[in-house]
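Given the coordinates of chain A, assemble chain B onto it according to the supplied hints.
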Amino acid sequence: MSGATNAAMGGVEALYQEAIKDYSRADHGHGRLDGAVASVRLDNPLCGDRISLQVRLDAGRIVALGHETKGCLLCRAAASLLGKRAPGLDGQGVAVATAALEAILEQGRPPPGDWPELGMFAPAGAHASRHKCVLLPFRALAQAIGQAEAGSAAIHGANHRE
Amino acid sequence: MSAAAALRAKFPLLVANPGLHYFDSAATAQMHRSALDAVVAHETGARANVLRGSYRLAEAADRAYEAARQSAARFLNAAADEIVFTGGTTAALNLVAQSFGCLLEPGDRVVISQAEHHSNFVPWQMLRERRGVELALIPVLPDGTLDLASLARVIDDRTRLVAVTQCSNVTGARTDVAAIVAAARRVGARVLLDGAQAVQHGPQDVQALDVDFYAFSGHKCFGPGGVGVLWGRAELLAAMPPFLGGGGMIGAVTEEGYTWAEPPRRFEAGTPPIAQAVGLGAALDWMMGLDWAPIHARESALCAALIDGLRRIPHVRLLGPEPSSARAPIVSFDIAGLHPHDICQVLDAQGLALRGGHHCAQPLLAALGVEACTRASLALYNDEADVAALPAGIVRAIGVLK
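Those protein sequence lines, which keep their order, are chains A and B.
Position in the first sequence counted from 1, then plus 104, gives you the numbering used here.
Position in the second sequence counted from 1, then plus 334, gives you the numbering used here.
Careful, some of the hints might be misleading.
Unchecked claim - DSSO-like mimics (lysine-lysine), calculated; alpha carbons at most 27 Å apart, straight line:
1. Lys188/A to Lys236/A
2. Lys188/A to Lys344/B
3. Lys736/B to Lys174/A
4. Lys736/B to Lys125/A
5. Lys236/A to Lys736/B
6. Lys125/A to Lys174/A
7. Lys236/A to Lys174/A
8. Lys174/A to Lys188/A
If you're looking for bench data, these hints aren't it; they were derived computationally from the structure.
Chain A with its partners taken away, still in its complex shape:
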């Protein structure tokens, strides 16, 4: 095995570090949430990742989140992380976490102090094609919150409500 391959294998082992696999396996928040105020299904059409996500809000804060995610380890780990951490957040809190994740992936910034778990996605920064896998659950959650806040406004564009 060449030195280049050893280095590349080291990189890919960091990408699939235990924290990613643990979150993916734990699948926090798995399952369809009955009585949700907002429901979103989002696809990454090029890679086939798919998430179906529901939230229930109380006074603008997420009180429950359910999701069913079919996709790669990175996408499933991100959905699971939201399943664990999203309850208690409001729309602004989700936006701040999403921006922090984008900064980690695109600019190599460190995770903020209140979101240390986002650091597990840092190795995905080197793989542009995988950024969308990590971000898909965050995009779905942002849409769901927007939908909840807008009452029952329809989501237009390529994505559709269930």
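Below, chain B without anything else, positioned relative to chain A:
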């Protein structure tokens, strides 16, 4: 030097990357040196627009472009005025769906198969919306081959066109073209063959295949990207209206209207991909000079060895028909609990280039009961070292991912 090593030596990218195990020729085959050289020679020696230039450079460009058309015609055993250069297979299929599609009436039927690439699926769904034609599907069997028992039912007497792939880009399953043609002829329907996955395995004979349209891409058969070929029978092309309007496709234009040029120009509006066509011509010339029987034997043996190696890995589900001679050298598989993108990422770290996902064949994957799969495709430059590296790489990937 082995036969594969001698072939690899003619592919600059493979020479520059000796550790690369390239398993994605079904998406894009590597480019042969003769094609690359022809593009550079054309762009540095005969670059000019084609048609109606009278200076010597323009005449040289015309000659090179028409020589490429002759090469494509020989490659398919067809007449040169039946060869239309397009942007690729997708553009060729859309051309037929638009131009031949204009001749169809509501209630006419177009038949495709469940195994089609989206490029031979969506244009017909669009035609259905536009013209009110009926779209019917030849189903696949669990091994990915077409259900020939359905042909008499699906290809009924309203059918005007049957458009099917020659080999599946996912399972490699070869279509029984003779059975399709016989069923189509019984009801007077035309047959279009999507050759995108066949042309990298040698020249084709559209007369022997007895089809009416044939489409393929340059980048699938060791030539440049951005160019493809639509072949159509002369009398069909002559009856079809143009698809794109613009320069080159007209007889004359007045304020009141325009007339059509004769085929193939009628279907080549605007400046065509000239250098790309010249490069494709060189790739096809090179392919026509090869002795294909031993190449096919080697591709088939490597495909069988690959299937054998993958089958020994626990939790691997192989897609596609057996024996391996029933397929082009393409092997797709699913590993329980693992997503193809994760598998491909870890394989890449080991120098193995594979593609994972739905492979632009979502209806086929749905029929086979998989969300996504990982695909290894072989071409004439693959060798035993490639085939040995893949199962070992997959075992290692499973170790990283589980």
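Consistency of the hints with the structure:
1. Lys188/A to Lys236/A: Status holds; Cα separation ~20 Å.
2. Lys188/A to Lys344/B: violated (54 Å)
3. Lys736/B to Lys174/A: holds (17 Å)
4. Lys736/B to Lys125/A: Given that 27 Å is the threshold and the Cα spacing comes to 8 Å, the pair holds.
5. Lys236/A to Lys736/B: holds (22 Å)
6. Lys125/A to Lys174/A: holds (15 Å)
7. Lys236/A to Lys174/A: Holds. Lysine 236/A to lysine 174/A sits at ~14 Å (cutoff 27 Å).
8. Lys174/A to Lys188/A: Within the cut-off at roughly 18 Å; holds.
Hint check: a violation occurs at hint 2 only; the rest are consistent with the structure.
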